[in-house]
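Trainee: Residues per chain, in single letters:
Number of protein chains: 2
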Amino acid sequence: MPAAPGFFLFLPSHSNPTPARMTSYLESNQERFLSELLDWLRIPSVSADPKFHGDVLKAADYLKARLEEVGVENVELCQTAGNPIVYGDKLIDPSLPTVLVYGHYDVQPADPYELWTSPPFEPVVKDGKIYARGACDDKGQVYMHVKAFEVLMQDGGMPCNVKFMFEGEEEVGSSNLGIFVKANKEKLKADVILISDTGILANDVPSIEVGLRGLSYHEVEVTGPNRDLHSGLYGGAVANPINVLCQMIASLHDENNHITIPAFYDNVAELSAEDRAEMAKAPHSDDEFKQSIGLTDIYGEKGYSSMERTSIRPTLDVNGIWGGYTGEGAKTVIASKAYAKISMRLVPHQTADEITALFRQHFISIAPSGVTVKVTPHHGGEPVVTPTDSVAYKAAADAMETTFGTRPIPTRGGGSIPIVAMFKSELGLDTVLLGFGLDSDAIHSPNEHFGVFNFMKGIETIPHFYRNYAAAMKA
Amino acid sequence: MPAAPGFFLFLPSHSNPTPARMTSYLESNQERFLSELLDWLRIPSVSADPKFHGDVLKAADYLKARLEEVGVENVELCQTAGNPIVYGDKLIDPSLPTVLVYGHYDVQPADPYELWTSPPFEPVVKDGKIYARGACDDKGQVYMHVKAFEVLMQDGGMPCNVKFMFEGEEEVGSSNLGIFVKANKEKLKADVILISDTGILANDVPSIEVGLRGLSYHEVEVTGPNRDLHSGLYGGAVANPINVLCQMIASLHDENNHITIPAFYDNVAELSAEDRAEMAKAPHSDDEFKQSIGLTDIYGEKGYSSMERTSIRPTLDVNGIWGGYTGEGAKTVIASKAYAKISMRLVPHQTADEITALFRQHFISIAPSGVTVKVTPHHGGEPVVTPTDSVAYKAAADAMETTFGTRPIPTRGGGSIPIVAMFKSELGLDTVLLGFGLDSDAIHSPNEHFGVFNFMKGIETIPHFYRNYAAAMKA
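Going line by line, the protein sequences match chains D and X.
Using full-length UniProt numbering, read the first sequence as starting at 1 and increasing by one per residue.
Using full-length UniProt numbering, read the second sequence as starting at 1 and increasing by one per residue.
The shape of chain D in the complex, shown without the other chains:
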């Protein structure tokens, strides 16, 4: 396992630098930290696929053991109707503020396996990056918190109270987390939520996400004839469910790539010209963007930049489609059914319930005669904007400035962490999204990875956050 080159690339040049003894502890333990993470990544905790259920439980056990090992107290597996929630805390003084750290130990399915250059559950460190499903999303980022706690305990102890809550169903909609939170408000009492499940713009351009898009996710099924038919005998006189599904999907965007669902944009918060100008200051090059993912051209809703299209604007994407004969060679069949998974990313002040209802109603309404349509909503999530003027945001920004040597940029992200809105409504708490991933980490894709630099930078930065936050709350 090679050491990460450039780990201390950005030496802090101002007040509150990382203490030398902490730096030294990080350096001398990096190899062990990585080795422990790799062991965890070897457990395929895929929550979407029942065949990995045993591994999901194993991953929870592993996390519980590591938390206990570093001195977290009251560690337990809290049973839910689904996968357990791993809880633990260190409550040093009720007069000090409490940080509730959230993360998830489940991972996305890894297929298509054949596109991975190394197997998704046999992690390797290559060119300074950890390759494995979950390396970044979110096991790697959760493990930064475990090790940041260890670092602090070795360096004078926690400066405030901390509670850890790590769930195993984030990738399948967190359906039991809300129930758990509702039932355990006292146990989870805190002053702020801290989550590392997002990213920075680049390793030399730190940033903190302050907005996240919501999600409305559906599976649709179009049924034509009651059985598969021979396309020669029936073709031309039967509404082909695949052709129909394609027409229905195509009609969901107009020529300007606006979404055509009636009332879809009614509640979308339009940004002021000033806010858009502010956003445009973040470093971004469409050429580099295209190059990074091999695109021949950029694309998107007319009137908006690529940055805006992935952050302040809602979208509609087909995430999967299938029907008919998909094997080798040619089969002249008209399928009885065609299917798609269709999701929409939402922005303030759309709500998942509202958009789910609008989509469902519209999609059924555009079905031509001759077919029947079924729409099954999967999980949804609310869009959120987190404050940039809070004590906690400032503590996080200062921590990053210390460890990166440059002030982080507040950004509006494209992904969804539905539980941020739930924490606000159930616990009344704001969240700080102190993430260390990169857009290029290929989360949810083959060859997901996480930079060793990013992993170690997270472990270095988080202690500063606790100290800054505790100090500011005391003052």
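Calculated from the structure, these hints are not laboratory results.
Check the hints yourself; a few may be wrong.
No copy is singled out in the list; a pair is fine if it fits within one copy or between any two copies.
To be verified - Derived pair list, reagent style DMTMM-like, types lysine to aspartate or glutamate, alpha-carbon separation capped at 20 Å: (1) Lys-374 / Glu-328; (2) Lys-189 / Glu-73; (3) Lys-374 / Asp-297; (4) Lys-51 / Glu-328; (5) Lys-290 / Glu-122.
Given chain D's structure and the hints, the job is docking chain X onto it.
Mentor: Using the frame of chain D, we list chain X on its own:
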């Protein structure tokens, strides 16, 4: 195995009835005929899937053995670059006419297996029908010829010469048959081609297909980003290959369900009002049609009837589509690639080469910037119209009138038997399509079946064809 009720439903009431000794032979051997066919159907001779290659060869061996058993001579497996062609003949007198019988022993893939009520390669006879992949298309119909030969040999011998040529690649485009035919013109010399790979309108409405649509079949691949992406991070700023593929497919039809490929209809032969009026006389009910396949509405090209849409008009259907995440649950991915299998049915005087080129050119031309498109043509086939005023057609129509008790209706079919056009161009021979299947036999679908009535009626009718044809050619 129950006996087929209604086997002798239509007793011939006019000249040349089936001789009593032949009737008796058919009755007393029906169970054995079925049992032999079922043994053959047990061999999964799926030509499209390499994993069944050994079974394809087994099915050829089985056919060879059965031909030898009934007295066909010179039986051999003719090797090709693909699956062997089973050849055999009975040449009784060079002064008599020769019939070249063509069929195929390969079958369509049977998936989706879960929709079969009994396994596709464990044939059962239920309610007077043989259920198995290939029961009708084309093993059941080929086996009628083997048994019709046996019947004639037991009833005074063949009245003319016969050559049998059964291939194992019909379901994958017959790519080696043309090479074999070109190289064996002397061996295959004959006066007419006889094929049983089509159907009749109903068991009390016999018919003979005199027109068949051609085929142009393509696999298309749309590539967007060079890897799967997280739809939250990238959604809105990347052309999603699935959405794009849907838009491209949707654009291939206009609001009247005309195909929009430029020049697509240029060579389509328009039928005269008289011909259309003649066609409209065939018994057809849109209500029954809808009911038979569970449709809520009929569908198709504006200005044409259902019968016309499936026979004299060209079509475009998606036969399969896939891309992105298709497993259980929700994965928020933008796929790198999306795929579809798209086929067109052709009518006189379109040609497969012309339409293949037009489709390819058009499909690539409509790709929006931001994606790349690959079009891979699979096999094609030419549309044909066979004569209704020939000696052979009359011999077939008379044979059916004898055994069904009613004159068959000439029909224009929707399916494709590409080799009919090839036989005409390579051997200069017309074809008679003396098929006994039904539209409801679910060929190419789960639960393919073939009526015991139809199987036995074929065995009864074919000998009459040989006798009628030999007599007419002599006269």
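Trainee: Would you mind marking each hint as holding or not holding in the structure?
Mentor: We went through each hint and held it up to the structure:
no.: 1; hint: Lys-374 / Glu-328; in the structure: between (29 Å within a copy, 16 Å between copies)
no.: 2; hint: Lys-189 / Glu-73; in the structure: within (16 Å within a copy, 91 Å between copies)
no.: 3; hint: Lys-374 / Asp-297; in the structure: between (35 Å within a copy, 17 Å between copies)
no.: 4; hint: Lys-51 / Glu-328; in the structure: between (27 Å within a copy, 11 Å between copies)
no.: 5; hint: Lys-290 / Glu-122; in the structure: neither (30 Å within a copy, 53 Å between copies)
In this structure, the one hint that does not hold is number 5.
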